[in-house]
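J.: Listed below, chain by chain, are the residues.
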Amino acid sequence: MSSFLTLAIVQNALELGFVYALVALALYLSYSVLNIADLSTDGCFVLGCAVGATVALAGHPVLALFAAMGAGVVSGFVTAFLQTRLGVQSILAGIIVNTGLYTVNIAAMGFSSNLNLFTADTLFTRFAALLGDTPLAGWDGLILAAGITLLATGALRLFLGTRLGLSIRATGDNADMVRSSSINPAFTITVGLCISGSLTALSGAVLAQYQKTCDVNLGTGMVTIALASLIIGETLLGWAGPRVRMLAPVVGSVVYRFIMAIALRLNLPAECLKLVSAIIVAVAIAAPRLRQLAALQKRKMAARRARAVKGGDAGC
Amino acid sequence: MLTLTNLSKTFNPGTVNEKKALQQVNLHLAPGDFATIVGSNGAGKSTLFAAIAGSFYPDEGSVELDGQDVTFLPEHKRSRQLGRLFQDPLRGTAPHMTIEENLSLAYLRASRAKGGILSRVTRAQRELFRARLAALGLGLEDRMKQPVGLLSGGQRQALTLLMATLVTPKLLLLDEHTAALDPGTAAVVLDLTEKIVAENHITCLMITHNMPDALRLGNRTLMMDSGRIVLDVQGEERAGMTVSDLLDRFGRSTGRAMNNDRILLSGLE
Numbered sequence: 001m002s003s004f005l006t007l008a009i010v011q012n013a014l015e016l017g018f019v020y021a022l023v024a025l026a027l028y029l030s031y032s033v034l035n036i037a038d039l040s041t042d043g044c045f046v047l048g049c050a051v052g053a054t055v056a057l058a059g060h061p062v063l064a065l066f067a068a069m070g071a072g073v074v075s076g077f078v079t080a081f082l083q084t085r086l087g088v089q090s091i092l093a094g095i096i097v098n099t100g101l102y103t104v105n106i107a108a109m110g111f112s113s114n115l116n117l118f119t120a121d122t123l124f125t126r127f128a129a130l131l132g133d134t135p136l137a138g139w140d141g142l143i144l145a146a147g148i149t150l151l152a153t154g155a156l157r158l159f160l161g162t163r164l165g166l167s168i169r170a171t172g173d174n175a176d177m178v179r180s181s182s183i184n185p186a187f188t189i190t191v192g193l194c195i196s197g198s199l200t201a202l203s204g205a206v207l208a209q210y211q212k213t214c215d216v217n218l219g220t221g222m223v224t225i226a227l228a229s230l231i232i233g234e235t236l237l238g239w240a241g242p243r244v245r246m247l248a249p250v251v252g253s254v255v256y257r258f259i260m261a262i263a264l265r266l267n268l269p270a271e272c273l274k275l276v277s278a279i280i281v282a283v284a285i286a287a288p289r290l291r292q293l294a295a296l297q298k299r300k301m302a303a304r305r306a307r308a309v310k311g312g313d314a315g316c
Numbered sequence: 001m002l003t004l005t006n007l008s009k010t011f012n013p014g015t016v017n018e019k020k021a022l023q024q025v026n027l028h029l030a031p032g033d034f035a036t037i038v039g040s041n042g043a044g045k046s047t048l049f050a051a052i053a054g055s056f057y058p059d060e061g062s063v064e065l066d067g068q069d070v071t072f073l074p075e076h077k078r079s080r081q082l083g084r085l086f087q088d089p090l091r092g093t094a095p096h097m098t099i100e101e102n103l104s105l106a107y108l109r110a111s112r113a114k115g116g117i118l119s120r121v122t123r124a125q126r127e128l129f130r131a132r133l134a135a136l137g138l139g140l141e142d143r144m145k146q147p148v149g150l151l152s153g154g155q156r157q158a159l160t161l162l163m164a165t166l167v168t169p170k171l172l173l174l175d176e177h178t179a180a181l182d183p184g185t186a187a188v189v190l191d192l193t194e195k196i197v198a199e200n201h202i203t204c205l206m207i208t209h210n211m212p213d214a215l216r217l218g219n220r221t222l223m224m225d226s227g228r229i230v231l232d233v234q235g236e237e238r239a240g241m242t243v244s245d246l247l248d249r250f251g252r253s254t255g256r257a258m259n260n261d262r263i264l265l266s267g268l269e
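The listed protein sequences derive, respectively, from chains A and B. Once you know that position 239 of the first sequence is 239 in my numbering, the rest is easy, because the numbers rise by one and skip nothing. Once you know that position 20 of the second sequence is 20 in my numbering, the rest is easy, because the numbers rise by one and skip nothing.
Incorrect hints may appear among the rest.
Stretch by stretch, here's where chain A covers chain B in the computed footprint (C-beta under 8 Å, at least three residues) [stated by the list, open to error]: (1) 91 to 98; (2) 236 to 244.
Sample of chain A residues at the chain B side, in silico, Cβ under 7 Å [what the hints assert, rightly or not]: (3) T162; (4) D173; (5) A175; (6) D176.
To list a few chain B residues with every Cβ distance to chain A over 12 Å, as calculated [stated by the list, open to error]: (7) M1; (8) Q24; (9) E60; (10) S111; (11) R120; (12) A124; (13) L138; (14) A179.
Read the hints as simulated data drawn from the structure, not as lab findings. Glycine included, every Cβ here is placed at the ideal spot set by N, Cα and C.
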């Protein structure tokens, strides 16, 4: 086992799992809570990556995270504005913003399609220096990534218990109720998408510093991957109470990265991974309906068999 | 508490589908008034509620709530001071949120708690929720962590009633809120309504198609027809009234007989 999954592979899968978990967390808010398929995720992720990388290159790796989150808020706001105030369908609003972001992202990187931070000071190099020779040395990447992600998860959980947070949850759960109570759905959707955008962008910014590069095509398929992670997590933690279930995006994202690591270990070409994640998402979302259809089919067969037996008896 | 002055609304004006839903409606409710409203389908009862709640703005006239003119206040701002129940028990609660979360939301939105939009419910408030749930007598106080989607229609409607009155609203609007429930459950929810409204001295308007209920509950009965309030009885006149008296009075004020099956049937029960 240890030769199949070396410590380095496990560590790497965990680190990536935690970094990408922020996107799954963002989709938890937009998709599970608000019931909106926000397709601006791909572009927003790269936006965070580009803004984060640029600010980190300027020598401010901590500020980079906040700058990226700010950019994510703006992106979420535009998506929300299009659908709540201008009547653009939510899916279309996401696609429009995603398309526009491509140009914005290139501009954010100084009109270049990629950036590298090999020489720059990053959160990870700083944190590794901080840990120095302590026994935790070597685990710095994991601790930092896990710390940021768990902090964001905890903050989101606290937020969802506040008046605004509960209003956002009700908006996605029962639109009729919200319309007839003192909640302005346009406002709650806007706040929800802004937070979701900031989390997506934060993930991009952390990733930029983690892998020390940023590429404009980095985000392709991100929404599918994050959705796969979220669904895996929610399936695995379906039994748990709300407190534990809040960890579903993190758990799902880590498990997803392990699946990917194993697939790579089995010499599956890297180009196939996107197809694998697409299939995971399609099957996971279709699962309840497939189960229903299978049960109905079984029921029909049983009825037909029973009729055949009876028919045989009655027949002369 | 509520004053409606010359309230009028016409839908699709100037077309073949023109519908004068409200015509010069005048109504004043004193604090603590509990008025029941009866009338055939299409008489304008629900439209009246929608106008009071701000689902649309009237063409003419004004709505005053507790001395404040709210005619053009948007629905979501006005509803903070209103409690509203609909016929559909699924409409008033969020099914995937727990009983406690639904109550928290209702409480925080109506109470304007300190801390603004980031306010949270405290342990003491949670205990209050538990006590108020226990007072419903439905055993819901032991299920506070369960999603509301698991409750029956009657339980959900009782919970909605509690949510609407957790912080005493200036006006409670009940739009046939027991019509979708079985007779036994409807009676339970109606008893709870009476109890909660009386205990908290809530000003209340209730639409019903059950004529005996319309005379039994509250202190005032209104009858609507073609977008007008055609009958308004209270006090001694109402105390001595029977269902057939009410139908007679309706005939006299509109010049025709009440011809709605549901009303007639419930009147003969």
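J.: Now look at each hint and say whether the structure bears it out.
T.: Checked hints:
1. For the segment 91 to 98 of chain B, the stated coverage by chain A holds: 8 residues have a C-beta nearer than 8 Å to a C-beta of that chain, and at least 3 were required.
2. Against chain A, the segment 236 to 244 of chain B contributes 0 residues with a C-beta closer than 8 Å to a partner C-beta. That does not satisfy the three-residue criterion, and the hint is violated.
3. The interface hint given for T162/A holds, since its Cβ lies 5 Å from the closest Cβ of chain B, which is under the 7 Å cut-off.
4. With 7 Å as the threshold, the beta carbon of D173/A comes within range of chain B, its nearest partner Cβ sitting at about 4 Å, so the hint holds.
5. Interface hint at A175/A: violated, since its Cβ lies 10 Å from the closest Cβ of chain B, which is beyond the 7 Å cut-off.
6. About 5 Å separates the beta-carbon of D176/A from the nearest beta-carbon of chain B, less than 7 Å, and the hint is met.
7. Once the 12 Å rule is applied to beta carbons, M1/B is consistent with being away from chain A; the minimum gap is 18 Å.
8. No Cβ of chain A approaches the Cβ of Q24/B within 12 Å, the least distance being about 26 Å, so the stated non-interface status holds.
9. Every Cβ of chain A is farther than 12 Å from the Cβ of E60/B; the closest lies at roughly 24 Å, confirming the non-interface assignment.
10. The claim that S111/B lies off the interface is violated: its Cβ sits roughly 9 Å from the closest Cβ of chain A, which falls inside the 12 Å cut-off.
11. At the 12 Å boundary, the C-beta of R120/B falls inside the reach of chain A, the nearest C-beta of that chain being 5 Å off.
12. The non-interface label for A124/B is consistent with chain A: the shortest C-beta to C-beta separation is roughly 16 Å, beyond 12 Å.
13. The beta carbon of L138/B sits about 20 Å from the closest Cβ of chain A, which is more than 12 Å, so the claim that it is off the interface holds.
14. For A179/B, the requirement that its beta carbon stay farther than 12 Å from each beta carbon of chain A is met, with the minimum near 17 Å.
In the structure shown, a violation is registered for the earlier hints numbered 2, 5, 10, 11, in ascending order.
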